Amino acid sequence: MIRGRLFAVLTAIMLVAAACGGGDDTTGSNNGTGGDTGGDTSSLPTEIGPGEGALNLIAWVGYVEDGSNDPNYDWVTPFEKDTGCKVKVKYGDTSDEMVQLMRQGGGTVYDGVSASGDASVRLIAGGDVQEINTDLIPTYGDVMSSLQEPGHNTIDGKHYGVPYLWGPNVLMYRTDVVKEAPTSWEPVFSGDSPYAGQVTAYDSPIYIADAALYLKAHNPDLGITDPYELTQDQFDAAIDLLKEQNGVIGKYWVGYADEIDGFAAGDMAIGTSWPYQVNVLQGEKEPVEAVVPDEGVTGWADTWMMSSNAPHPNCMYEWMKWTMEPDVQAEVGGWFGGTPSLTTACDALKDQFGKAADTTYHCGDDAFLSEIALWKTPVPDCGDDRGETCIDYSEWTRAWTEVKG
Amino acid sequence: MDPRLDGGEGIAEPAAAEREISPLGRISAFFHRHKGAKLALLLGPPLGWMLVVYLGALSLLFLSAFWSQNPLTAEIERVWTLNNFKDLVGNDVYRTIALRTVGVAAAVTIADLILAFPLAYYAQRIARPRVRTLLLLSVVLPLWSSYLVRVYAWRVILSGNGILNWTLAKLHLGQLEIGYSTWAIWLTFTYLWLPFVVLPIYASLERVSGSFFEASADLGATWLTTLRRVVIPMAMPGIVAGSIFSFSLTLGDYIAPQLVGNTQFIGNVVYQSVGIANDIPFAAAFALVPVAIMGLYLWGARRLGAFEAL
Amino acid sequence: MSTTNLEPRGVRIGMRIASIFVLAFLYIPLLVIFLYAFNSSVAQSWPLHGFSLKWFGVAWNNDDVRSALLNSIKAGLGATVIALSLGSLAAFAVHRFNFFGRQTVSFLLVLPIALPGIVTGMALNSAINFGGTIFGLHFSLFTIIVGHATFCIVVVYNNVIARLRRTPTSLTEASMDLGANGWQTFRNVTFPSLATALVAGALLAFALSFDEIVVTNFTSGTETTLPKWIYNNLRLPNFRPQVNVVAMVVVLMSFIPVYIAQRLSETAGIFERGEGR
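Residue numbers (the working numbering), protein chains in the order written: chain G, 1 to 405; chain V, 1 to 310; chain B, 1 to 277.
Check before you lean on any hint, since a few could be wrong.
[As the list claims (entries may be wrong)] Result set (SDA-like, lysine to any residue): computed pairs, CA atoms no more than 20 Å apart in a straight line:
#1 Lys285/G <-> Val42/B
#2 Lys243/G <-> Ala196/G
#3 Lys35/V <-> Arg102/B
#4 Lys350/G <-> Thr360/G
#5 Lys216/G <-> Gly197/G
#6 Lys321/G <-> Asn69/G
#7 Lys35/V <-> Gly101/B
#8 Lys90/G <-> Pro311/G
#9 Lys216/G <-> Ile372/G
#10 Lys216/G <-> Asp385/G
#11 Lys88/G <-> Pro50/G
#12 Lys243/G <-> Lys35/V
#13 Lys88/G <-> His138/B
#14 Lys54/B <-> Asp70/G
#15 Lys243/G <-> Ser181/V
#16 Lys54/B <-> Asn181/B
#17 Lys35/V <-> Arg235/B
#18 Lys285/G <-> Asn181/B
#19 Lys38/V <-> Leu69/B
#20 Lys216/G <-> Ala196/G
#21 Lys54/B <-> Asn69/G
#22 Lys404/G <-> Val254/G
#23 Lys38/V <-> Leu55/V
#24 Lys404/G <-> Arg100/V
#25 Lys404/G <-> Asp93/G
#26 Lys90/G <-> Asp64/B
#27 Lys404/G <-> Lys35/V
#28 Lys35/V <-> Gly182/B
#29 Lys35/V <-> Asp64/B
#30 Lys88/G <-> Ser68/G
#31 Lys86/V <-> Trp400/G
#32 Lys38/V <-> Pro47/B
#33 Lys81/G <-> Asp66/G
#34 Lys35/V <-> Lys54/B
#35 Lys35/V <-> Ser170/B
#36 Lys38/V <-> Lys54/B
#37 Lys404/G <-> Asp92/V
#38 Lys88/G <-> Arg102/B
#39 Lys285/G <-> Pro47/B
Hints listed in this document are in silico derivations from the structure and should not be mistaken for laboratory results. Here the structure is a predicted model, which is why all the values come from computation and not from measurement.
Put together the whole structure using the sequences plus the hints.
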């Protein structure tokens, strides 16, 4: 009897303690020095200290290769030899997943992340990543001008990472099913698509922007300017389009291997993709090609960011310095299919690919980069005279579940 | 002992009260006298563990169903709200997903029971002892082969150019496009949980001794009638226990639907909410659905006495 | 008992055929995995491209595989030890005493298994994050073991309590009458009769922990167990052949402990009350 009461009391105390909690700390976010974005620059390191012997990274697949996939592409082993930092990498399938991983253990589990624009701003705002002293990165001045201080990793003049690769989400298709190269996203979005059942799409709420981009070209009355800044009407139209698309989708892909499997097995024939899958499939002699359709593309520009509570900060700085070498960026670009952010990497890229460095990779082409609708987190502030009427990302997430049904 | 050899002091017969009791003996005696303390010692650690590690964490989780998430940073804020539940109830898609999950779970359970019963019956009542051991071994062995790999094997078998279609083509029976579908999920789940269903049914059939069959036959029943009115009711605890496994495991699974399916299940939505969107409040709210369903199921199972057969 | 034919012949034949069919259903996917372990190419297509043993060598030389296997074994042992202690304690408490909330204890212990794994995983994940801010708890092998132990307790508990119920209490009473104290009785009378139940429970608990992925995903951080290695590598096409090899080796090696567990759970404890079948 008494034991029962004692346990009940203990449980109650625990619950009350949990509920009342302390200050503004929330369950699982960091509580370290990175709590505010306005940290003083005097706390930035002025030199890179000795390596800690280990490095835990979160990355997009193909960004951290150690030769186990293809011995010709290995930029991890030389790094480990040089710095003694043994690299462990966790691959993320979506930006959301990467944000989540980064926050595990209050930011003490992983040292860094290759964040796209829809993760980076959230991480900065949440205090999960720390400001970087770009003076410690000798090649920073060689970065493309539009990526020197982009809004997705530089706030109030403070840099929160170093740029890595950027690229478009292309339209990939099997040439034995889609006989003529498509010039539009229509076969992927239309309910009457001739490839119904073999269409695929990226399984992440950020894909709603792709639908919005399509509507920007085909429904100009909606007045969509930025596919990430959508008012309720524009948002609803995009969702309707996606629900129509759902009828012709065979399977959504979230892990790149799902898309590779699907295309290789013939279950998928057309859909959005990263250049990486195109490279892998073509490497396996599968009949696939990729195009950038007329309506434009969404895309990504990735930044290596360091956790505010990184357990191995010096190794992380070494990694950032390493990945800002033109040869490394060219190698990564060749493997993944993305474009380096360093203008100095374009020569190495031209050596590898010749003319394709310009036509496919658009190396150093600020104009092309500006035409890509880079991933960024939708927020209520539309950033123009519409004020605070735009749909925020949590709505996007909820709506995405609805779309898939 | 010879009294003359002890130095003249005589043997001191140890009085009962002075007999040496080892420290362990003293402790044992204490606990023997104080039953309450013994109970506390026995029950304390496991109960303490469950309360602190499990129940505490569980309560915290379900508390968070009433909190909300910051729209920009996606961090959990302790702002009390019922919005998560409003969203759940208001939006049709969650009802669809929940019904779909429960439907598949029921279908899987039925399929597993149909497959498991003959095997359990054969092993328990018909097979010779050596064959029985072999049978049980064969049922348990697949459980050691990694759940993930078994799911993946089905994906390979059922895909467009996979083994199933290859076999069907050889037999000129056409093709089955079930590579990524609800059929594939149903098949995979049925396969995965089958050993868990066989074992409790086998164990409960042990209670049905031969004399029941004989008595039933004496009263004029056929085997079928005996099966229906004697065997199955007596094996019911095992049947219910097995169904708990298959139902519960299907309700909460998020890995298999992702690998072999193309539709959303409760597990997928919860996992995406947690592992990807960090919308733990909403995930917790939605997770209450399978918890409630299983709670009801378990309560019913307890009434039917299934916990003795677990 | 099975040799006295109380079932009509048709039923016996029917059951035998059905059993064969069900067993085939159980084993065909396993055979597929075994086949693919010998596949020479990386692509998981059908028919197989060729026969090769090279993936066995590659998997063996893979450091990640070995460290993941070691972690799984460590986690399994840790979880089993905890489950053995706590499960037996609980079983004794419930069997020997009549107290308020007795029924609830079995219910409570079965919850981690009965509730969806993702719920257990989420709860533990939040608790670890919470504990991290309070007293610096980290995701590590320790948190993995804690997670596994929580649902392994009930497995040991069920085995022990089932055996306790089949063991007559007159023996402990006789032991006490002969002058043994509680500890001596436990060591010489109770424990031997439980030994095989404990081993069977331990093997089952180890098996549960060894193949666990649903909860481990949430409690492991960067630590890798074998199932987690498989989960990560199933998504990397170049590593799938190694995954097949690892799966096949685990199945073949686990034949021994499974066999032992099976024999043990059939044999009676040394003082078991005999029951007619």
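Hints versus structure:
no., hint, in the structure
1, Lys285/G <-> Val42/B, "13 Å, holds"
2, Lys243/G <-> Ala196/G, "14 Å, holds"
3, Lys35/V <-> Arg102/B, "16 Å, holds"
4, Lys350/G <-> Thr360/G, "11 Å, holds"
5, Lys216/G <-> Gly197/G, "26 Å, violated"
6, Lys321/G <-> Asn69/G, "24 Å, violated"
7, Lys35/V <-> Gly101/B, "17 Å, holds"
8, Lys90/G <-> Pro311/G, "16 Å, holds"
9, Lys216/G <-> Ile372/G, "14 Å, holds"
10, Lys216/G <-> Asp385/G, "19 Å, holds"
11, Lys88/G <-> Pro50/G, "19 Å, holds"
12, Lys243/G <-> Lys35/V, "66 Å, violated"
13, Lys88/G <-> His138/B, "17 Å, holds"
14, Lys54/B <-> Asp70/G, "17 Å, holds"
15, Lys243/G <-> Ser181/V, "18 Å, holds"
16, Lys54/B <-> Asn181/B, "61 Å, violated"
17, Lys35/V <-> Arg235/B, "56 Å, violated"
18, Lys285/G <-> Asn181/B, "77 Å, violated"
19, Lys38/V <-> Leu69/B, "40 Å, violated"
20, Lys216/G <-> Ala196/G, "23 Å, violated"
21, Lys54/B <-> Asn69/G, "16 Å, holds"
22, Lys404/G <-> Val254/G, "13 Å, holds"
23, Lys38/V <-> Leu55/V, "24 Å, violated"
24, Lys404/G <-> Arg100/V, "13 Å, holds"
25, Lys404/G <-> Asp93/G, "18 Å, holds"
26, Lys90/G <-> Asp64/B, "13 Å, holds"
27, Lys404/G <-> Lys35/V, "59 Å, violated"
28, Lys35/V <-> Gly182/B, "12 Å, holds"
29, Lys35/V <-> Asp64/B, "51 Å, violated"
30, Lys88/G <-> Ser68/G, "13 Å, holds"
31, Lys86/V <-> Trp400/G, "18 Å, holds"
32, Lys38/V <-> Pro47/B, "64 Å, violated"
33, Lys81/G <-> Asp66/G, "12 Å, holds"
34, Lys35/V <-> Lys54/B, "63 Å, violated"
35, Lys35/V <-> Ser170/B, "19 Å, holds"
36, Lys38/V <-> Lys54/B, "59 Å, violated"
37, Lys404/G <-> Asp92/V, "12 Å, holds"
38, Lys88/G <-> Arg102/B, "48 Å, violated"
39, Lys285/G <-> Pro47/B, "18 Å, holds"
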